[in-house]
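Work the whole structure out from these sequences, hints included.
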Amino acid sequence: VLHHLSKEVAIPSVLLPFMPIGYLAVTLFYFYSGYGLCRQMEQRPDYLKRFYRSRLPKLLIPFWGINLLYAAWEWGAGIQHTPLEWIISILGIRLFNGDAWYVPSLVILYVAFHICYSRLERKRAEIAMGVVTAVYIVVCMATDQGMWRFVSVGGFWLGLLFAHYSDKIQKLLNRGRTA
362 VLHHLSKEVA
372 IPSVLLPFMP
382 IGYLAVTLFY
392 FYSGYGLCRQ
402 MEQRPDYLKR
412 FYRSRLPKLL
422 IPFWGINLLY
432 AAWEWGAGIQ
442 HTPLEWIISI
452 LGIRLFNGDA
462 WYVPSLVILY
472 VAFHICYSRL
482 ERKRAEIAMG
492 VVTAVYIVVC
502 MATDQGMWRF
512 VSVGGFWLGL
522 LFAHYSDKIQ
532 KLLNRGRTA
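The sequence shown begins at 362 in the working numbering and counts up one residue at a time.
Among the clues, some could well be false.
Here are the simulated lysine to aspartate or glutamate pairs, EDC-like style, with alpha carbons at most 20 Å apart [what the hints assert, rightly or not]:
| hint | residue 1 | residue 2 |
| --- | --- | --- |
| 1 | K484 | E446 |
| 2 | K529 | E487 |
| 3 | K419 | D460 |
| 4 | K529 | E403 |
| 5 | K419 | D407 |
| 6 | K410 | E482 |
| 7 | K484 | E403 |
Calculated from the structure, these hints are not laboratory results. Please read these numbers as outputs of a predicted model, since none were measured by experiment.
The structure is reproduced here in structure tokens:
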């Protein structure tokens with residue numbers, strides 16, 4: 362939020378430090394999203410059975426609501442949208458609200474997470490999610506989606522890995538420390 366404000370306010374001097382670090386905050390958001398999904402899956406054996414019902418409405422209902430508000434605002438300003446533009450925006454390809462780009466990205470990662478972890482054993486699911494992340498990045502680059510759509514998504518995969526290997530990572534980090 363502070364990153365976006367730093368780009369919009371007339372005198373951004375107070376917010377200037379936040380301008381170049383927006384992608385870091387988004388990377389942390391993705392990291393904790395991936396981490397949280399894995400922890401919930403480990404704690405609740407039936408988590409993947411109700412995954413779409415519990416996760417997607419929390420993302421899509423506000424996303425569609427914000428898109429409607431932006432479209433209404435644009436309509437009030439005399440900007441008209443064709444039915445195709447509405448469909449493209451609802452699908453997250455071209456958004457009425459460009460700052461909501463992370464929602465379609467997160468939906469793609471959530472769907473990939475569910476498919477990988479419900480059909481593959483854990484280590485193969487980790488590899489598959491790494492491949493999905495890499496493919497997503499390449500597709501965004503090839504279709505000129507803008508750097509912001511892909512620069513942070515690797516955080517999701519790192520969050521998955523950290524959730525799975527946090528004990529080993531902690532032991533490695535604590536190696537050589539004395540109490």
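Now the hints, each set against the structure:
For the hint linking K484 to E446, the alpha-carbon distance of about 40 Å lies beyond 20 Å, and the restraint is violated. Restraint check for K529 and E487: the C-alpha separation of about 16 Å stays at or below 20 Å, so the hint holds. A threshold of 20 Å between alpha carbons decides the hint, and for K419 with D460 the separation of about 17 Å falls inside it, so the pair holds. Distance restraint check for K529 and E403: the Cα-Cα separation of roughly 16 Å lies within the 20 Å cut-off, and the hinted pair is therefore satisfied.
Restraint check for K419 and D407: satisfied, since their Cα atoms lie roughly 19 Å apart, inside the 20 Å limit. In summary, the hint linking K410 to E482 is supported, as the alpha carbons are separated by about 16 Å, within the 20 Å threshold. About 14 Å separates the Cα atoms of K484 and E403, which keeps this hinted pair within 20 Å; it holds.
Hint 1 from the list above is the single one not met by this structure.
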